[in-house]
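Here my numbering is used: the first residue of the sequence shown is 235, the next is one more, and so on.
Where hints are given, some of them may not hold.
Pairwise CB distance ranges, derived in the manner of DEER restraints [said to hold, decoys possible]:
id : residue 1 : residue 2 : range
1  : Gly300    : Ser460    : 22 to 32 Å
2  : Ala428    : Val476    : 44 to 54 Å
3  : Leu308    : Leu239    : 36 to 46 Å
Keep in mind the hints are simulated off the structure, nothing from the lab.
For clarity, every value in this text was computed on a predicted model and none was experimentally measured.
We put the CB at the ideal spot given by N, CA and C, even for glycine.
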Amino acid sequence: MNDILLLLFAGMLAGSMNALAGGGSFVSLPALISVGVPSVAANATSTFSLFPGGLASSWVYRDGFGKVCGVPVLPIALATVLGGLCGSVLLLLTPCSVFDAILPWLLLIATLMLVFGRRISAAFRSRASARTSTIVPVQFLLGVYGGYFGGAVGLMMLAAWSVFGGGEIKELNPMRMLMVTAANAVAVIVFVIAGAIAWSQCLPMLIGALLGGWAGAHIGRKLPASAIRALTIVLAVATTTVFFARAYFA
């Protein structure tokens, strides 16, 4: 019962974070590993658990769907889905021992993007031009990352789009949710077919994430995300530190 309550709460918090500022896997993944799910299965289960919440958030944001940097939705979505497929298959081919060693570095990359993403995008904004031939390959790589791990992938998308002059983050947020959901959708299909989901741990987290994603999207339309972003960064730094200690000092 304690594990169920932990996973339910973690799902609610992760779903809300994803809707508001991203980074929900910093909560869901450690929660699953803490109750005994192996790291690769935990990552797959986390993706599946957070998917309905992301879908609910995308539905709330549906009025904001449109072009990104002047590029239509379809080519961006196709690149994201194909990347998500490649990334999810790559995850399943990765042994748990290897993923355990890689995971802290993936968390570190996601944490650095959380902290410095805006500065990076501002530094390079004037040096790039928005073209389909430029954005689509970048979006494919983001899809690969999203299918393989996905931590802060939504924030990485916002930063990449900002580099190409995509506009204000609040205007891009609906497309962020849609593309993250697209990458996760194909990954979820792959994980289910491969039997990689820990179902007994997945269900309470899924319910929590669905509630959190719906509530977070509504709150996000009215509430500045600065406080949520600060909390996300604190959680990201703490989680990354714990996983480095687990991988290299345990």
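Here's how the hints hold up against the structure:
1. Against the hinted window of 22 to 32 Å, the Cβ-Cβ separation of Gly300 and Ser460 comes to about 25 Å, which satisfies the hint.
2. The hinted range of 44 to 54 Å is not satisfied by Ala428 and Val476, whose Cβ atoms lie roughly 28 Å apart.
3. One distance hint, 36 to 46 Å for the beta-carbon pair Leu308 and Leu239, holds here, with the actual separation near 42 Å.
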